[in-house]
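*Asks:* This is what each chain is made of:
There are 2 protein chains.
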Amino acid sequence: MATQQTEHPIAIIAGGGSVPLHVANAALSGGRKVLVIGIKGEANPGIDRFAHDWIHFGQMGRLLKLLDDHGAVELVLVGGINARPDFSQLRLDFWTLKNLPEILSIMSKGDDSVLSGTIKMFEARGYTVVGAHEIAADLVSLPGVIAGTKPESNGFDDIKLAISAARNIGKLDAGQAAIVVNGRIVALEAAEGTDEMIARVARLNASGRLKWKGRVGVLAKCAKPQQDLRVDMPTIGPDTVTAVDRAGLAGIAIEARQVMIIERDETRRRAELAGVFIFAVDEREVAI
Amino acid sequence: MATQQTEHPIAIIAGGGSVPLHVANAALSGGRKVLVIGIKGEANPGIDRFAHDWIHFGQMGRLLKLLDDHGAVELVLVGGINARPDFSQLRLDFWTLKNLPEILSIMSKGDDSVLSGTIKMFEARGYTVVGAHEIAADLVSLPGVIAGTKPESNGFDDIKLAISAARNIGKLDAGQAAIVVNGRIVALEAAEGTDEMIARVARLNASGRLKWKGRVGVLAKCAKPQQDLRVDMPTIGPDTVTAVDRAGLAGIAIEARQVMIIERDETRRRAELAGVFIFAVDEREVAI
Chain A
1 MATQQTEHPI AIIAGGGSVP LHVANAALSG GRKVLVIGIK GEANPGIDRF AHDWIHFGQM
61 GRLLKLLDDH GAVELVLVGG INARPDFSQL RLDFWTLKNL PEILSIMSKG DDSVLSGTIK
121 MFEARGYTVV GAHEIAADLV SLPGVIAGTK PESNGFDDIK LAISAARNIG KLDAGQAAIV
181 VNGRIVALEA AEGTDEMIAR VARLNASGRL KWKGRVGVLA KCAKPQQDLR VDMPTIGPDT
241 VTAVDRAGLA GIAIEARQVM IIERDETRRR AELAGVFIFA VDEREVAI
Chain B
1 MATQQTEHPI AIIAGGGSVP LHVANAALSG GRKVLVIGIK GEANPGIDRF AHDWIHFGQM
61 GRLLKLLDDH GAVELVLVGG INARPDFSQL RLDFWTLKNL PEILSIMSKG DDSVLSGTIK
121 MFEARGYTVV GAHEIAADLV SLPGVIAGTK PESNGFDDIK LAISAARNIG KLDAGQAAIV
181 VNGRIVALEA AEGTDEMIAR VARLNASGRL KWKGRVGVLA KCAKPQQDLR VDMPTIGPDT
241 VTAVDRAGLA GIAIEARQVM IIERDETRRR AELAGVFIFA VDEREVAI
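From first to last, the protein sequence lines stand for chains A and B.
Numbering-wise, the first sequence is residues 1 to 288 according to my numbering.
Numbering-wise, the second sequence is residues 1 to 288 according to my numbering.
What the hints contain is simulated information worked out from the structure, not anything from laboratory work.
Being a predicted model, the structure only gives us computed values, none of them experimental.
Positions of the beta carbon are idealized from the N, C-alpha and C atoms, including for glycine.
Among the hints, erroneous ones may be present.
What the hints assert, rightly or not - Now the stretches of chain A that chain B is said to cover, found in silico as 3 or more residues with beta-carbon under 8 Å:
{"no.": "1", "segment": "172-181"}
{"no.": "2", "segment": "184-195"}
{"no.": "3", "segment": "203-216"}
To be verified - Label pairs and their in silico Cβ distance ranges:
{"no.": "4", "chain 1": "A", "residue 1": "Asn182", "chain 2": "B", "residue 2": "Pro143", "range": "34 to 42 Å"}
{"no.": "5", "chain 1": "A", "residue 1": "Glu272", "chain 2": "B", "residue 2": "Arg203", "range": "48 to 56 Å"}
{"no.": "6", "chain 1": "A", "residue 1": "Lys40", "chain 2": "B", "residue 2": "Gly208", "range": "30 to 38 Å"}
{"no.": "7", "chain 1": "B", "residue 1": "Leu100", "chain 2": "A", "residue 2": "Asp228", "range": "16 to 24 Å"}
{"no.": "8", "chain 1": "B", "residue 1": "Ser207", "chain 2": "A", "residue 2": "Glu102", "range": "27 to 35 Å"}
Said to hold, decoys possible - Far from chain A, by Cβ distances over 12 Å, these chain B residues were calculated:
{"no.": "9", "residue": "Thr96"}
{"no.": "10", "residue": "Ser164"}
{"no.": "11", "residue": "Lys171"}
{"no.": "12", "residue": "Ala174"}
{"no.": "13", "residue": "Lys213"}
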C-alpha cells in the first residue's frame, strides 16, 4: 500500500452540483487518491468528505500552487458554474494578474473557446485534463434502454429525426437539443437552453397550438461535433425527465457515450414512475 | 375595350388580412378583371369593393361553380387562415362530400402537403394556381436595402450566419427564421413561430442571460427549399419590425424574391422610425 500513499492524486476542480462528489467517489473506488478543489460559491460543501481545499474565482496562482503542493498532474474540471463571476467578487491573485492578458484573451471568446482555452492553459503547463466520464464511466451510457421500453416504428422514427435535428444544429454551433412529435420538428434549442425549450413545447401543447394524443414525441440531446467532452458535456438529469413528463412527451433520446446523465438513479426512478423512456442511441444507428 | 369585357377574371381566393385586397388592386392596375372569393370568417369585409362572393370552409363545390360561372381559370390563394376550421362550422357541400376521400387524404398530411395537395387538386381540374407575388410584384423584394442602411463588416457577418442558419433549419423542414447576435446563433424557429421566437430573445436580453450593447443582431427569414411559394411564403410585416425593435436587434434580413413583405409602406415607416434595417439578401451572396 506504500505506492498508494505516494501516488499523485487526481485533482477534481469542482463547480456546483452532485457530479464532482460522484467523480471523487468513483476515483476513490478505482483506487486513486483525490484532491477536490472547490470553487467558492459554486461547489457543494459536501466536498469536505474528501481531501479538499477551496479557491475563489480568479485565484489561478493559488490553484496552481495547490496542484503543485499535492503533486497533482491530472485534472478533472466538473460541475456547474451558475453565473459568470461577479467582477466585484473576483479576488485576482498575483499569478492571475501577471497572466491577465492570456486569460482575458481566452475569456473574450465564446463559451466553447473559453473551455478549450482553459484546457490549453493547463496543458501548456504540463497538466493533463481528463473527462469526468473517464473517471466515473456511469456518467454516460452505452447504447440501449436506460428507462422504460425502446419505442417501436413511429416512435423510433421520431428518435432518429430528433437526433438528426439536434446534430444538425450542433454543427451550426447553435444548440444541442431538439424535440420531434409525430414526424415534425417542433423545437430547436439555441441560447434559451434545453429546459426552456421543453417548457415552450409544454406551453404550445397546453394552448392547443400543438396537439397530440397520449404520450408521443421525443427530446433528443447530442454533443456538438466541436464540443470538448472532457470539460463540456451535454447533460440530462431528473429535472429533464420532469420537464419532458410535463410536456407530455414520450421520452428522451441521447447519444450513447456523449451525454452525461446527472443523478442516474434518481433520473431513472422518475422516468419509470412517469412512464417516460430514456434511450441511448448508437451513433451508427442514426445518419445525419 | 371589348376584350377587357370578355377576358377571364383572375380569381383571388381570400383568407384574412390586407394582402388579398392588395393583390386585387394590383391585378386591376395591371388591366386584369378580378373575382375575389372570400372565405367566411377569414377574409376582410373590404373585398366588397371588388367583384366578389363568399364561401364557407368545405364548400369546394360552390367554389368550383363560382369559378366556372365567371370563366376563371387562374387562381390566387392568398391571405391568412387563422385556425384550422372548427368542424362544427363546416358546411360540406355535395361536391365536397363526394370528393371527401381525396380531400381527407390531403388534409391528413402536414401543412406543406395540404397546400401542395390543394394545388394538385385544382391543377387536376384544369386550373392554374398563380402566386400572389406574380400579380403584385411589390409583395417581395429585389436584393438591397428596404429600410435603414446596409450593415457593414460584423453586422453583415451576422446576416450571413443568420441566413445560413435559417436555410439550414428550412432544409430540416423545422422553421424559416433564425436570430444571430455578435456571431452567435441565439434562436432557431420551429413550431412556436417567428413572433414568439423574437419575443424569447427579447426576454433573454431583458433577463440578462443574453447581453449586448446598442443595436446589434439580426433576424433572418428564408423560404424552405420545399416550400411552394405560390401558396405559402414566409412573411414579414409591421409587427415583425416592432418585435425586432423591442428585442433590441439591429435589423431584419430576408431572402430577395422569396419573402413576402406585408403592408410594405407601414413596415418601412416603422423600421425607419425605430432605426431597424431591413435588407434583402441576394441568394448568390450567402452560401449555406
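*Asks:* Evaluate each hint against the coordinates.
*Replies:* Here is what the structure says about each hint:
Under a criterion of three residues with beta carbons nearer than 8 Å to beta carbons of chain B, the stated coverage of the segment 172-181 of chain A is upheld, 6 such residues being counted. Residue count for the segment 184-195 of chain A with a Cβ under 8 Å from a Cβ of chain B: 9. That meets the three needed, and the coverage hint holds. Against chain B, the segment 203-216 of chain A contributes 3 residues with a C-beta closer than 8 Å to a partner C-beta. That satisfies the three-residue criterion, and the hint holds. Range check, A/Asn182 to B/Pro143: about 38 Å between beta-carbon atoms, so the 34 to 42 Å window is met.
The hint said 48 to 56 Å for the Cβ distance between A/Glu272 and B/Arg203, and at roughly 34 Å that hint is violated. Look at A/Lys40 against B/Gly208: about 22 Å separates their beta carbons, and that is not inside 30 to 38 Å. At roughly 57 Å, the beta carbons of B/Leu100 and A/Asp228 sit outside the given window of 16 to 24 Å. A beta carbon spacing of about 31 Å between B/Ser207 and A/Glu102 agrees with the range 27 to 35 Å that was offered as a hint.
At the 12 Å boundary, the C-beta of B/Thr96 stays outside the reach of chain A, the nearest C-beta of that chain being 24 Å off. The claim that B/Ser164 is not at the interface with chain A is violated, since a C-beta of that chain comes within 12 Å of its own (minimum 8 Å). For B/Lys171, the shortest C-beta to C-beta distance to chain A comes to about 8 Å, within the 12 Å cut-off, and the non-interface label is violated. With a cut of 12 Å on Cβ distances, B/Ala174 falls inside the contact zone with chain A, its closest approach being about 4 Å.
No Cβ of chain A comes within 12 Å of the Cβ of B/Lys213; the nearest lies about 14 Å off, and the non-interface call holds.
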